[in-house]
Structures are given as structure tokens and as C-alpha cells.
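As given, the protein sequences belong to chains A and B, one line each in that order. When the letters of the first sequence are read in order and numbered with my numbering, they come out as residues 317 to 634. When the letters of the second sequence are read in order and numbered with my numbering, they come out as residues 139 to 426.
No wet-lab data here; the hints were simulated from the structure. Where a beta carbon is used, it is the ideal one built from N, C-alpha and C, also for glycine. Do not take every clue at face value.
Said to hold, decoys possible - Okay, the calculated bits of chain A under chain B, using three or more residues with CB under 8 Å as the criterion:
{"hint": "1", "segment": "368-376"}
{"hint": "2", "segment": "401-412"}
{"hint": "3", "segment": "557-568"}
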Amino acid sequence: MTTTAPEAGRSPARERPGPRRRPLTLRRRESRAGLALVAPTLLVVAAVIGIPIVWTVVLAFQRVRLATLRRSGLFGEFTLSNFDRVLHTPGFAETLWTTLLYSLGGTFGSIVIGVVAALVVRRPFRGRTLVRASMLLPYVAPVVAVAFVWQVMLDPQLGIVNDWGQRFLGWDAPIPFLSQDSTALWTVIAFEAWRYFPFAFLFLLARLQAVPVDLEEAARVDGATPTQRFRHILLPQLMPVIVLLAVLRFIMTFNKFDDVYLLTGGSAGTEVVSVRVYQFLTARTDVGAAAAQAVVLAVVLIAFVAIYLRFFTARREA
Amino acid sequence: MDRDRLETVSLRWLRRLVIAAFLVVTVLPFWYMLVLSVRPIERLLLDPGSLWVPVSEFTVATYAEVLKAAEDGGQGFLTFIRNSGLVALAATALTLVVAIPGAYAVARLRFFGRRQVNALFLAVYLFPSIVIAIPLFVVFTRVGLRGSLFGLVLVYISQTLPVSVYMLKNYFETIPVSLEESAAIDGAGRLGIIRRVSLPLAAPSIMAVALYDFMIAWNEFLFALLFLVDKPNRWTVSLGLSLLSDGVEVPKTVLMAGSVILTLPIVILFFASERLLTEGLTSGAEKG
Chain A
317 MTTTAPEAGR SPARERPGPR RRPLTLRRRE SRAGLALVAP TLLVVAAVIG
367 IPIVWTVVLA FQRVRLATLR RSGLFGEFTL SNFDRVLHTP GFAETLWTTL
417 LYSLGGTFGS IVIGVVAALV VRRPFRGRTL VRASMLLPYV APVVAVAFVW
467 QVMLDPQLGI VNDWGQRFLG WDAPIPFLSQ DSTALWTVIA FEAWRYFPFA
517 FLFLLARLQA VPVDLEEAAR VDGATPTQRF RHILLPQLMP VIVLLAVLRF
567 IMTFNKFDDV YLLTGGSAGT EVVSVRVYQF LTARTDVGAA AAQAVVLAVV
617 LIAFVAIYLR FFTARREA
Chain B
139 MDRDRLETVS LRWLRRLVIA AFLVVTVLPF WYMLVLSVRP IERLLLDPGS
189 LWVPVSEFTV ATYAEVLKAA EDGGQGFLTF IRNSGLVALA ATALTLVVAI
239 PGAYAVARLR FFGRRQVNAL FLAVYLFPSI VIAIPLFVVF TRVGLRGSLF
289 GLVLVYISQT LPVSVYMLKN YFETIPVSLE ESAAIDGAGR LGIIRRVSLP
339 LAAPSIMAVA LYDFMIAWNE FLFALLFLVD KPNRWTVSLG LSLLSDGVEV
389 PKTVLMAGSV ILTLPIVILF FASERLLTEG LTSGAEKG
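Can you make the complete structure from the sequences, with help from the hints?
Right, here's the structure in full:
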């Protein structure tokens, strides 16, 4: 390793007597400093994330209601009745199925749009910075605001979509996108794809710009057309990022609460698991059932991700 | 015309078309929000398809209604803005105080369990927030922190900390070790090195993380809904806006004015720091 002298001027001039230490002690000092520095972070994570996760599991096996909360102890009797209640409340299977469709649709949509977006702004053109910034707008804007804009735009009476649809596309009657079963889930998925394609776009664009120019140039000289270059040069380069994005987006969409809750409130066949957990917690004030439902969510999610990773790593080795 | 030429020409046009489509799809909703917020509701009902405000229709009465305090017949958004701002700033500051040393340690120092810590942050980041929400809801109800902004700040740290550590770690890793070593040889202690070498070099990325945290906290909705719903004077802008729509006959134009108020600070922050943010978020992504 090299030592660059120029920076020395900025470092403190405090002279310590005899900084000579044996390598072992230096290493131990480093280890100790590392633990000391990371300790606050770990403590906070344990306090606001670790303990709550464990506690949810504990609550899932207890009979707890909001009304009895102040009196009940931490470790009461354990029971399986919460899971029984959760599994047998009407709509359990439908909710899981909806969540799965919603997550798959949202993930697929956001990645496909993200790839297209990354491809079109890859090369410099006038106004590129502005276009790139606008493409990130849906992602950075507050969810409550964008959900309301979508609601108003899709509104059957005063929404611009139905107005234009009737005027220019010849629709016979306004379509209540968010309140009829046949369109609500698709609309929510479209919202998800719209709001999160920038996330995929950012990562894909960063990867695209790291693809060596020579590689494409060589393919062009060899007579590969643009689509062939995409198929055989760019896509293989993007694949690892796409695979990673698919896992990330799937997990995040699977857990999503805000978007569905704000757009439809879970009505018209769009109830996803986290909205259901919220209903158990607030409308029914059944903390135990809510926790059990949340545990089911986490377990199903972990199972899906495990299968996906397994399948993918297996295919890669083959 | 051969295939290569055909593809090149048609793709060139397709590209322009697609860029235009992207602009429409991403910007139009925000433009629509802005237009609606300055139109009277009666006019909107007559002509819902307009994307322009005639000067004669222009009104800011919607904003007045949204911002005025509840006692004066408004929706009290000024209070909400203050609440949101306080909570977001506090959460950002606390997150950074905890995340910077942690990220530095994970990036630079070899200590027992370093790799596990690394994995832990990713796992925690991806864990469903509704799972965390239930026990926090229970605890806060018990100790009386429900309805307090301080409690909310604590919860927001759980949302911002993992991603902040991850982003900062990626950046600290790009700082050449030799710089720190030369400082060490000159007799700087570990904290001295962090303060005088690493932090100044990481300043842009710390700024990016701070902005990102602020946005997360400002935009957050679920926890605000769970913890603050009974205390109208503590509502954040997101929560206030979402409950506005449940209210008795609040016109959509007023709702849009509220949406603009909620969105504007974020959009301004974002455009002011777009480059910083984009690079901060994906630094390290090109490793594949």
C-alpha cells in the first residue's frame, strides 16, 4: 500500500509519543473501534426493528385486543387461535392471491418500463438532464399526493381520463377504474409500475453507462443491427441488475400498504395482505390476529424469495 | 435499405416518440394537480377535460382554505407543515448521527461480525414495515407515546437508518485507504481520521443521504396514520391530506391544493439536488 504525502498537511499535527505498535494490537484496536462505532447503529436497529419483529411473532400466539392491552402482560398464555381465526376469516386466500398478482404485475411493469426508459435516455441529447429528472418525479413525490391525483384523474365524473376517453376514444360511458372489480386491480398495478419504474430506471441506467463502448462498437463493425446489439450485448450485461431488481421490487411491492390503501382502501378486489393487517389492527382492534396475519405475510414472502433465489441460482449454474 | 439502416432510422424516431411519451406520463399528473388546485370546483365540473386555466377562472381560494387554521374554518395545513418539517428534520439529523459512524465501521474497519452486520441491514431494510408497526403500536399505546411527534421520529429512524447505512457505506468504500493511512502515520487517531479526512470527502454523499432521509420522512404515511390519527394538531401533511378526503364534502380542487403543498417542497429539493441524489442512490450499483 502506498502512503500519499500531500494529504498530510490536513491531518492533525498532534504528536503522539511512540506510535509504534505491533500488528496484532493494531488489528485489535481496529476491531474494537469498529465495534464501538457500529454499536449505536446496531442498538437502534435492535430497538426499533429487531425487538418489534420478535414481538410480533410473540403477539401472534397470544390473545391480545386493543381494549385489554393496558392490563395484559408481556408473556401471557400462548395459543394458536389467532392463526385459526386469520386462516378462516373469509377472503384469506383471495387476499394472498391478490397480493401475489399485485406484486408480480407491479414488479414486471416497473422493470419493463424502467428498461425502456434507461435505453432511451442513455445517449446524450438536448434536455436530457431535464427528461431524466422528470422521469424520477413519480418516485420522489409523496405517495398521498400522487395517489389523489390518480384518483381525481380517473374519477368517472370530473376526471380527465374519462372525459378524454369519451370525447376522443369514443367510450360509451365513463369507466369507474378504481371501484369496479374488473379494472381496479389492474389500475393499482399500473399505478405501481408508474410510481416505481424510476427505481429500476436509475439502477439500469447506471449499469448501461458502465458497459464498455468498445464492446458495442465491435458488434457494430461486425454487422450487428441495433436490436441485435441490444439482444446480445446490452441485455446480458443488464441481466444481473434485472434479476436483483426483480427480487427487490417483488419484496417491496409485496409489503406495500400505502398505495392500495390510498387508491381503493382495499375494495373492489384489491385487498392486499398489509391492508388486511391494518384492518385487523384498527377496525377490529384485534392485535393478536393482526400479528398472526403479519407473520403469515412475512413467512409467505420469505418462501417466495427463497424459491426465486433457488430457481435462479440453479439456472445460472446449469 | 438494409436491415441495419432500417432499424437505425426507425429506432431513432421511435426513441423520440418514447421520450415524449415518458414526459407526458410523468409530468402530466403533476401539471394536472397544479391546474386543478387553482380552478373553482364549479368550473371543473363543467369542463373536466381542460389542461389550462383561463385567467378569469384563476383562484387561490383553495390554498387559503387549506392553509387557514381550523378555528378560522380552514384545514390547518400550516400546523401540519410545521409538524412534518420538524419530524423530518429531527429524523434526518438523528439518522445521520447514528448512521455515519456505523457505515464507516462497516466500510472500513475489520471487526468481529462485520459481514453479518452488513447482511442484517439489507434484511432489515426489506422487512415489511407493517410487521414492525404492530408491536410499536402496542408499545406506544402502553407507554403513552402514541400521538407524540417524538415517538414518530423514533419510528422514522427505523425507516431511514438501514438505507442510509447502506448508501454511506458504499461511498466510504470509494475513498482511497491511502489517504486515511497517511493521516494515521501523521499521528491522527481513528476519530481524527474520520473527522478530518473521511467526513469532508464524503460530504456530498452525506448531503445526498440527508436529502433522501428527509424525503422518506416527509412522504411517510402508514406510521403517521397509525400513531397520530386521534390528535389532529399533531398530524403531518401526508396524514392531514389523506384525512381531508374523508372529510365532509371537501371539493377535489381543495384536495389538489393540499397535494401541491405536500409535493412542492419535495420537488424543489429534488430538482435542486437531482444529480447529487441520483449518483448517491446508485453509487456501487455498477459493480453489478
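Going down the list of hints, with the structure as the test:
1. With 5 residues carrying a beta carbon less than 8 Å from a beta carbon of chain B, the segment 368-376 of chain A meets the three-residue requirement, and the given coverage holds.
2. Remark: the segment 401-412 of chain A is not confirmed as covered by chain B, as 0 of its residues place a Cβ nearer than 8 Å to a Cβ of that chain, below the required three.
3. Counting residues of the segment 557-568 of chain A whose beta carbon lies closer than 8 Å to any beta carbon of chain B gives 4, which reaches the threshold of three, so the coverage claim holds.
Checked against the numbered hints given earlier, this structure breaks only hint 2.
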